[in-house]
Amino acid sequence: MALDLVCGTVVDEEEAAYISQYQGMTFYFCSPECKMAFDQEPEKYLRERGEGMFGAHEG
3 MALDLVCGTV VDEEEAAYIS QYQGMTFYFC SPECKMAFDQ EPEKYLRERG EGMFGAHEG
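Per this note's numbering, the very first residue in the sequence shown carries number 3; after that it's consecutive.
Hints are not guaranteed to be accurate.
List time: in silico EDC-like cross-link candidates among lysine to aspartate or glutamate, alpha-carbon distance up to 16 Å [to be verified]:
hint	residue 1	residue 2
1	Lys-37	Asp-14
2	Lys-37	Glu-17
3	Lys-37	Glu-15
With beta-carbon atoms standing in for the labels, derived distance ranges [unchecked claim]:
hint	residue 1	residue 2	range
4	Glu-45	Glu-16	24 to 30 Å
5	Met-3	Gln-23	14 to 20 Å
6	Lys-46	Gly-26	26 to 32 Å
7	Thr-28	Glu-50	14 to 20 Å
8	Glu-35	Asp-14	17 to 23 Å
9	Arg-49	Glu-16	25 to 31 Å
In case anyone wonders, no lab produced these hints; they're calculated from the structure. None of the values given here were measured: they were computed from a predicted structure. Even for Gly, the Cβ is constructed at its ideal location relative to N, Cα and C.
Construct all of the structure, not just a fragment, from the sequences and the given hints.
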């Protein structure tokens with residue numbers, strides 16, 4: 003499971019339809035709106051939620 007860094011929803015990586023890559027890591031989102039918000043300001047959400055949280059996976 004991964005954490006949507008924008009809204010805090012827990013997302014199943016296997017089922018996630020909204021995915022972004024940033025700095026070599028993969029982030030999963032519950033909606034196109036959350037993905038778009040992250041894509042526009044990834045550093046904001048990494049700072050707010052913490053880069054070491056479950057939202058990201060290397061690869």
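Checked hints:
| no. | hint | verdict |
| --- | --- | --- |
| 1 | Lys-37 to Asp-14 | holds (15 Å) |
| 2 | Lys-37 to Glu-17 | holds (15 Å) |
| 3 | Lys-37 to Glu-15 | holds (14 Å) |
| 4 | Glu-45 to Glu-16: 24 to 30 Å | holds (27 Å) |
| 5 | Met-3 to Gln-23: 14 to 20 Å | holds (19 Å) |
| 6 | Lys-46 to Gly-26: 26 to 32 Å | violated (19 Å) |
| 7 | Thr-28 to Glu-50: 14 to 20 Å | holds (19 Å) |
| 8 | Glu-35 to Asp-14: 17 to 23 Å | holds (18 Å) |
| 9 | Arg-49 to Glu-16: 25 to 31 Å | holds (28 Å) |
Hint 6 from the list above is the single one not met by this structure.
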